[in-house]
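Sequences are here, hints too, so could you generate the full structure?
So that you can map any letter, position 325 of the sequence shown is 325 in this note's numbering, and since no number is skipped, the others follow by simple counting.
Derived from the structure by calculation, the hints contain no laboratory data. There's no promise every hint is true.
[As the list claims (entries may be wrong)] Keeping only pairs whose Cα atoms sit at most 20 Å apart, straight-line, the calculated EDC-like set for lysine to aspartate or glutamate is:
1. Lys248 <-> Asp209
2. Lys248 <-> Asp355
3. Lys166 <-> Asp62
4. Lys248 <-> Glu170
[Unchecked claim] Just the calculated beta-carbon pair ranges, DEER-fashion:
5. Ala49 <-> Leu5: 27 to 33 Å
6. Ala165 <-> Pro9: 54 to 60 Å
7. Ala374 <-> Ile320: 28 to 34 Å
8. Arg70 <-> Pro213: 37 to 43 Å
9. Asp7 <-> Pro159: 32 to 38 Å
10. Asp7 <-> Gly315: 42 to 48 Å
11. Tyr96 <-> Asp298: 36 to 42 Å
Bear in mind the structure is a predicted one, so any value in this text is a computation, not a measurement. A virtual CB, placed ideally from N, CA and C, is assigned to each residue, including glycine.
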Amino acid sequence: VRDALLDRPVGDWDVATSARPKQVVALFPRTIPTGLAHGTVTVLAGRGADRQPIEVTTYRGDGVYLDGRRPTSVVFGVPLDEDLARRDLVVNAIAYDPVRRELRDPFGGQADLAARLLRAVGDPIARFTEDGLRVMRAVRFAATLDFAVDAATEAAIAPALPSLAKVSRERVKVELDKLLAAPRPSVGLVLARRTGILAQVLPEATVDDAAWPGRCAWIDAAPVAVRWAALLADAAPAAVDAALRRLKGANDERDRVVKLVRLAGLTEPTPAVVRRALAAAGRAIAPMAVPLWACRGDAAGAAVADVAAAILERGDPLAIGELAVTGASLMADLGLAPGPAIGRALAAGLDAVLDDPTRNTPAELAAIARAAIAG
Numbered sequence: 001v002r003d004a005l006l007d008r009p010v011g012d013w014d015v016a017t018s019a020r021p022k023q024v025v026a027l028f029p030r031t032i033p034t035g036l037a038h039g040t041v042t043v044l045a046g047r048g049a050d051r052q053p054i055e056v057t058t059y060r061g062d063g064v065y066l067d068g069r070r071p072t073s074v075v076f077g078v079p080l081d082e083d084l085a086r087r088d089l090v091v092n093a094i095a096y097d098p099v100r101r102e103l104r105d106p107f108g109g110q111a112d113l114a115a116r117l118l119r120a121v122g123d124p125i126a127r128f129t130e131d132g133l134r135v136m137r138a139v140r141f142a143a144t145l146d147f148a149v150d151a152a153t154e155a156a157i158a159p160a161l162p163s164l165a166k167v168s169r170e171r172v173k174v175e176l177d178k179l180l181a182a183p184r185p186s187v188g189l190v191l192a193r194r195t196g197i198l199a200q201v202l203p204e205a206t207v208d209d210a211a212w213p214g215r216c217a218w219i220d221a222a223p224v225a226v227r228w229a230a231l232l233a234d235a236a237p238a239a240v241d242a243a244l245r246r247l248k249g250a251n252d253e254r255d256r257v258v259k260l261v262r263l264a265g266l267t268e269p270t271p272a273v274v275r276r277a278l279a280a281a282g283r284a285i286a287p288m289a290v291p292l293w294a295c296r297g298d299a300a301g302a303a304v305a306d307v308a309a310a311i312l313e314r315g316d317p318l319a320i321g322e323l324a325v326t327g328a329s330l331m332a333d334l335g336l337a338p339g340p341a342i343g344r345a346l347a348a349g350l351d352a353v354l355d356d357p358t359r360n361t362p363a364e365l366a367a368i369a370r371a372a373i374a375g
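Listed below in structure tokens is the structure:
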């Protein structure tokens, strides 16, 4: 409802109903009992490629929260307004009745949308301490909607940080990913830093106060694929790897971010230096380094990006497999048997070609191989 009122693309609809979970299951042929204890059933609407999951949740009131994540009990059959009262933010506590074509907005969500403001529903401290993930959602929505957060809601974030510590790292990572995919991640990052969220969930992103505005500008300007690397650019690669392991990041993502962090601070635009940096990252990562450098906001970064773009456009070799010879061709040309000497010869050839790509010819590489084997 929120996104529809903002004239934004609506990714999915969540349905609230007076029907109990068992009634929902009986009404639809294909359902998943996502969270029956909390009143949620996923209805699989449509068929084949057009099938989409729709979350259907019974109107409910929540009992006490003891674990900082979920209520210990729920009560079904409450009025819609009471169901909306358990939402995190007022802009998320708006319902639409498609039959009557009526909006239900008991807390002033439409006014907040018009004012571009985020407020917690009810008592902000109670709302955030109930479920620690809500503070992450607040900073994420600040970024994705480019909204301000009202003073009382922001002040309630710090007292809720102990509840945030109880939230699974996977859920925290999902919120950070969504924040970094926002049009202006800096809106949420500034809030996360100011309230202590960032220091708690990602201390590796520590940047001194003087450098922080520039870092935010870098992240905003960079493509989504390299924003994690821009955020963590000052951290040691080992610390970046540990952070993404802690947050349960996927292996391929962790590898990509670590490699990009190693590249992020490069300031020497000499072609040989840039080629070696790209080679160390690998052909798949190399194209991502160009915007990472270009968006850094300094002259050296722009110069390195220009050199890297030219290297990639020319197709300069960056790996042994891109050389003009192979192990088999060297063995045939030099009359050698298989063995470690061939590996040394190929490595020497790549080393020379990274310095000077014009040496990537069979004759040059054969000469380099002879020298490497003789040495």
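These are the hints, each one checked on the structure:
Pair hint Lys248 plus Asp209 does not hold up; C-alpha atoms about 29 Å apart against a cutoff of 20 Å. Between Lys248 and Asp355 the alpha-carbon distance is near 38 Å, which puts this suggested pair outside the 20 Å criterion. This hinted pair checks out: Lys166 and Asp62 have alpha carbons roughly 19 Å apart, not beyond 20 Å. The hinted pair formed by Lys248 and Glu170 meets the criterion: a straight-line CA distance of about 6 Å does not exceed 20 Å.
For Ala49 and Leu5, the Cβ-Cβ distance of about 29 Å falls inside the hinted range of 27 to 33 Å, so the restraint holds. For the hinted restraint 54 to 60 Å between Ala165 and Pro9, the CB-CB distance of approximately 34 Å leaves it violated. A beta carbon spacing of about 20 Å between Ala374 and Ile320 contradicts the range 28 to 34 Å that was offered as a hint. Between Arg70 and Pro213 the C-beta distance comes to about 38 Å, which sits within the given range of 37 to 43 Å.
About 35 Å separates the C-beta atoms of Asp7 and Pro159, a value consistent with the hinted range of 32 to 38 Å. Evaluation of the 42 to 48 Å hint for Asp7 and Gly315 yields a pass: the beta carbon distance comes to about 45 Å. Checking the proposed 36 to 42 Å range against Tyr96 and Asp298 shows it is violated: the Cβ atoms sit about 48 Å from each other.
Hint compliance for this structure: hints 1, 2, 6, 7, 11 are not met, and every other hint is.
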